[in-house]
Amino acid sequence: MKKLLLIVLLMSTTLFAQVEGGITVPYIDFPMKEGKGMYSTRGKCNMCHSWGYTLNQGLQSKKFWYDKVMKMIVVFKAPIKTQKDIDTVVNYLFENYGNGELE
Amino acid sequence: MQRRDFFKKAIVVAGSAAVGSSAIEAAETVHPIDNRKVSDIAFPEKRPLITYSDRPPLLESPREVFTSALTPNDLFFVRWHMPMIPNYINPNTFSISINGLVEKEIYVSLKELKTQFKQVALTAVLQCGGNSRTAFKPTAGGIQWGVGAMGCAKWKGVRLKDVLKKAGLKKEAAWIGFNGEDKAVYSETANFVRELKLEHLNDDIILAYEMNGEDLPYLNGYPLRLIIPGVYSDSWIKMISNITATKEKQQLHFMEKAYRIPDNECECETPENLVKKTKPIEEMNVNSIIGYPVTGTKVRNASSLVVRGVAFDGGHGIEKVEISIDGGQLWEDALLDDGSEGKFAYRAFTYAFKPKNSGKLTIMCKATNKKGETQPFAKDIKWNHGGYKYNGIDEVTVEVV
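Each protein sequence line maps, in turn, to chains A and B.
So in the numbering used here, spot 76 of the first sequence is number 76, and the numbers just go up one at a time.
So in the numbering used here, spot 14 of the second sequence is number 14, and the numbers just go up one at a time.
These are calculated hints, taken from the structure and not from any lab test.
Given the structure is predicted, the values throughout are model-derived calculations rather than measurements.
Here a beta-carbon is modelled for each residue, glycine too, at the ideal position from N, C-alpha and C.
It is possible that part of the hints are untrue.
To be verified - Partial chain B-side listing against chain A, Cβ under 7 Å, derived:
hint : residue
1    : ILE41
2    : PRO44
3    : TYR52
4    : ARG55
5    : THR139
6    : TYR186
7    : GLU188
Claimed, not checked - Calculated cross-link-like contacts (lysine-lysine; reagent style DSSO-like; alpha-carbon spacing at most 27 Å):
hint : chain 1 : residue 1 : chain 2 : residue 2
8    : B       : LYS165    : B       : LYS104
9    : B       : LYS277    : B       : LYS249
10   : A       : LYS71     : B       : LYS257
11   : B       : LYS137    : A       : LYS68
12   : B       : LYS279    : A       : LYS77
13   : B       : LYS277    : A       : LYS68
14   : B       : LYS197    : B       : LYS161
15   : A       : LYS63     : B       : LYS279
16   : B       : LYS276    : A       : LYS68
17   : B       : LYS257    : A       : LYS81
18   : A       : LYS36     : A       : LYS71
19   : A       : LYS33     : B       : LYS137
20   : B       : LYS382    : A       : LYS68
21   : B       : LYS137    : A       : LYS62
22   : B       : LYS104    : B       : LYS166
23   : B       : LYS161    : B       : LYS279
24   : A       : LYS68     : B       : LYS279
25   : B       : LYS183    : A       : LYS68
26   : B       : LYS249    : A       : LYS68
27   : B       : LYS257    : B       : LYS277
28   : B       : LYS104    : B       : LYS118
29   : B       : LYS249    : B       : LYS276
30   : B       : LYS276    : A       : LYS71
31   : A       : LYS77     : B       : LYS183
32   : B       : LYS257    : A       : LYS63
33   : B       : LYS166    : B       : LYS118
34   : B       : LYS257    : A       : LYS62
35   : A       : LYS63     : B       : LYS382
36   : A       : LYS33     : A       : LYS71
37   : B       : LYS249    : A       : LYS77
38   : B       : LYS137    : B       : LYS379
39   : B       : LYS279    : B       : LYS371
40   : A       : LYS63     : B       : LYS277
With these hints in hand, go ahead and build the complete structure from the sequences.
The structure is reproduced here in structure tokens:
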């Protein structure tokens, strides 16, 4: 309890922690699994967000990945233009980050 | 084909916070993943945290953080939706615009916020609606958080109400939209805009520029963010730079599709039978987390062990926190702090006892709020497709030696 009180007291004094001249967010490498369509998928997904954002969705069904790709196209305007490109990305995701379920 | 056959496939881990620690998918809800390590790379103004993504930054606090009523800024979790975040904001030129259905469109600078409005402070829990999502089986969509997508801070700023008043809302205004400075890579992509129904506006909703006595860290929304105590953090817009009043609700992906749960009594559904009618996640469920000890801690037999943790709810207030060391049969009250931080803050709790037998010992905690709502066992939490609002009874397992 005393420790808690001390922390609270320390926090109530005003500090100015703002960093001079802004910040730099570090680059973190999230390796992609080797597989058919990896390079195409990398080009289409990773230009907007890290691979971590994708792989940390968990292992998912084919429908989940298809719906996600469509959301990226429709809502977020991802430049995935052709059905062939959609299939390539969805298949890569499902084969490497799938849970085995189609739906 | 049998479901579990699929899971015999090797799961290759990748990245600093990889998924897939469980190879068998159970039908019922489990405890969230609890063994993730912090990254070896620290983000700006942060200590190293569990790292899910750098673009946009997604960082989770490790369990050990949840022993005190306030979460230190440099251990506070981070969740952005858009990858392009300004890496420099000049506090001398920054201002927020208020427009739409207002008498006069105005810009309010940071300095004006700090000098021309009533300054208010309140302590409130900021928690992602998907906190502990890894508990849900089958895996729910979204970032696979453990227990640490939450924190509690003392926020200082001005009332949203007062800022709106300065612009003067027109009579027909019914919705208030909030937009921040984060952007998508493509200019065609809509921004992460959230809306509040005007009738839900209250004195506790503030525009905060200070967090625990310091400027907000960049990654927590410097220089200004919205604070909406008691509700999940999906509308607590960071780096907020515009407020727009409208008559009709805007059609926004992040309002219409994201952060919604089944609109039924149990707020639940099954993967085979998704519920069509949905509602926003809104008020936070009563919840509690043990910050110490963590699973795997070795403690001495017969020596005094002090369990520490935090409890909170959506603003009704915590009535009690109970601890069980026999698998949830017998429950004993933990000691709560004085609650002086208010009804939206963590209540820190402690529970001291002496382990009597050597071997593995599981410690559980369960909070009950003043409304009488309490936490279910993890297995009794019902599934929803977004993996939202998990509040299962927390547990850690120590080794008594």
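Quick rundown of the hints versus the structure:
1. Annotation: interface hint on B:ILE41 holds; nearest CB of chain A at approximately 5 Å, less than 7 Å.
2. With a least beta-carbon distance of about 4 Å to chain A, the hint placing B:PRO44 at the interface is held under the 7 Å criterion.
3. For the restraint placing B:TYR52 at the interface with chain A, the shortest Cβ-Cβ distance is roughly 4 Å, inside the 7 Å limit, so the hint holds.
4. About 4 Å separates the beta-carbon of B:ARG55 from the nearest beta-carbon of chain A, less than 7 Å, and the hint is met.
5. Among the interface hints, the one on B:THR139 holds; its C-beta lies about 4 Å from the nearest C-beta in chain A, closer than the 7 Å criterion.
6. Given hint, B:TYR186 at the interface with chain A, holds; its Cβ is 5 Å from that chain's nearest Cβ, closer than 7 Å.
7. Because the smallest distance between the Cβ of B:GLU188 and any Cβ of chain A comes to about 4 Å, under 7 Å, the interface hint for this residue holds.
8. Of the pairs offered as hints, the one joining B:LYS165 and B:LYS104 holds, with about 10 Å between alpha carbons and a cut-off of 27 Å not exceeded.
9. Note on B:LYS277 and B:LYS249: the hinted pairing holds, with a Cα-Cα distance of about 18 Å set against a maximum of 27 Å.
10. Of the supplied pair hints, the one linking A:LYS71 and B:LYS257 holds, its CA atoms being roughly 11 Å apart against a limit of 27 Å.
11. This hinted pair checks out: B:LYS137 and A:LYS68 have alpha carbons roughly 19 Å apart, not beyond 27 Å.
12. Our distance criterion of 27 Å between C-alpha atoms is met by B:LYS279 and A:LYS77, whose separation comes to about 26 Å.
13. Between B:LYS277 and A:LYS68, the direct Cα distance comes to roughly 21 Å. Compliance with the 27 Å bound is thereby established for this hinted pair.
14. Among the hinted pairs, B:LYS197 with B:LYS161 is consistent with the structure: their alpha-carbon atoms are about 13 Å apart, no more than 27 Å.
15. Only pairs whose Cα atoms come within 27 Å are accepted, and A:LYS63 paired with B:LYS279 is accepted, the gap being roughly 23 Å.
16. Distance hint between B:LYS276 and A:LYS68 is fulfilled; the C-alpha atoms sit about 18 Å from each other, no more than 27 Å.
17. Between B:LYS257 and A:LYS81 the CA atoms are separated by roughly 23 Å; this keeps the pair inside 27 Å, and the hint holds.
18. This hinted pair checks out: A:LYS36 and A:LYS71 have alpha carbons roughly 22 Å apart, not beyond 27 Å.
19. With a CA separation close to 24 Å, the supplied pair A:LYS33 and B:LYS137 stays within the 27 Å bound.
20. The suggested pairing of B:LYS382 with A:LYS68 holds, with an alpha-carbon distance near 23 Å, which does not exceed 27 Å.
21. Of the pairs offered as hints, the one joining B:LYS137 and A:LYS62 holds, with about 16 Å between alpha carbons and a cut-off of 27 Å not exceeded.
22. Pair hint B:LYS104 plus B:LYS166 holds up; C-alpha atoms about 9 Å apart against a cutoff of 27 Å.
23. For the suggested pair B:LYS161 and B:LYS279, the alpha carbons sit about 25 Å apart, so the restraint of at most 27 Å is met.
24. Straight-line distance between C-alpha atoms of A:LYS68 and B:LYS279 comes to about 21 Å, which keeps the hinted pair within the 27 Å bound.
25. Our distance criterion of 27 Å between C-alpha atoms is met by B:LYS183 and A:LYS68, whose separation comes to about 19 Å.
26. Of the supplied pair hints, the one linking B:LYS249 and A:LYS68 holds, its CA atoms being roughly 25 Å apart against a limit of 27 Å.
27. Proximity of B:LYS257 to B:LYS277 is assessed by CA-CA distance (about 11 Å); at most 27 Å being required, the pair is judged to hold.
28. A distance of roughly 21 Å separates the Cα atoms of B:LYS104 and B:LYS118; the hinted pair therefore holds under the 27 Å criterion.
29. Distance restraint check for B:LYS249 and B:LYS276: the Cα-Cα separation of roughly 20 Å lies within the 27 Å cut-off, and the hinted pair is therefore satisfied.
30. A C-alpha spacing of about 18 Å is found between B:LYS276 and A:LYS71, which places the hinted pair at or below 27 Å, so the restraint holds.
31. About 13 Å separates the Cα atoms of A:LYS77 and B:LYS183, which keeps this hinted pair within 27 Å; it holds.
32. With a C-alpha separation of about 17 Å, the suggested pairing of B:LYS257 with A:LYS63 holds against the 27 Å cut-off.
33. Proposed proximity of B:LYS166 and B:LYS118 is supported: the alpha carbons are some 12 Å apart, at most 27 Å.
34. At most 27 Å may separate the alpha-carbon atoms for a hinted pair to count; B:LYS257 and A:LYS62 meet this at roughly 20 Å.
35. Using a Cα cut-off of 27 Å, the hinted pair A:LYS63 and B:LYS382 holds, with the two alpha carbons roughly 22 Å apart.
36. Of the supplied pair hints, the one linking A:LYS33 and A:LYS71 holds, its CA atoms being roughly 23 Å apart against a limit of 27 Å.
37. With a CA separation close to 23 Å, the supplied pair B:LYS249 and A:LYS77 stays within the 27 Å bound.
38. Taking the CA atoms of B:LYS137 and B:LYS379, the gap is about 10 Å. The hint holds against a cut of 27 Å.
39. At most 27 Å may separate the alpha-carbon atoms for a hinted pair to count; B:LYS279 and B:LYS371 meet this at roughly 22 Å.
40. As the CA atoms of A:LYS63 and B:LYS277 are separated by approximately 21 Å, the hinted pair is consistent with the 27 Å bound.
Checked against the numbered hints given earlier, the structure satisfies every one of them.
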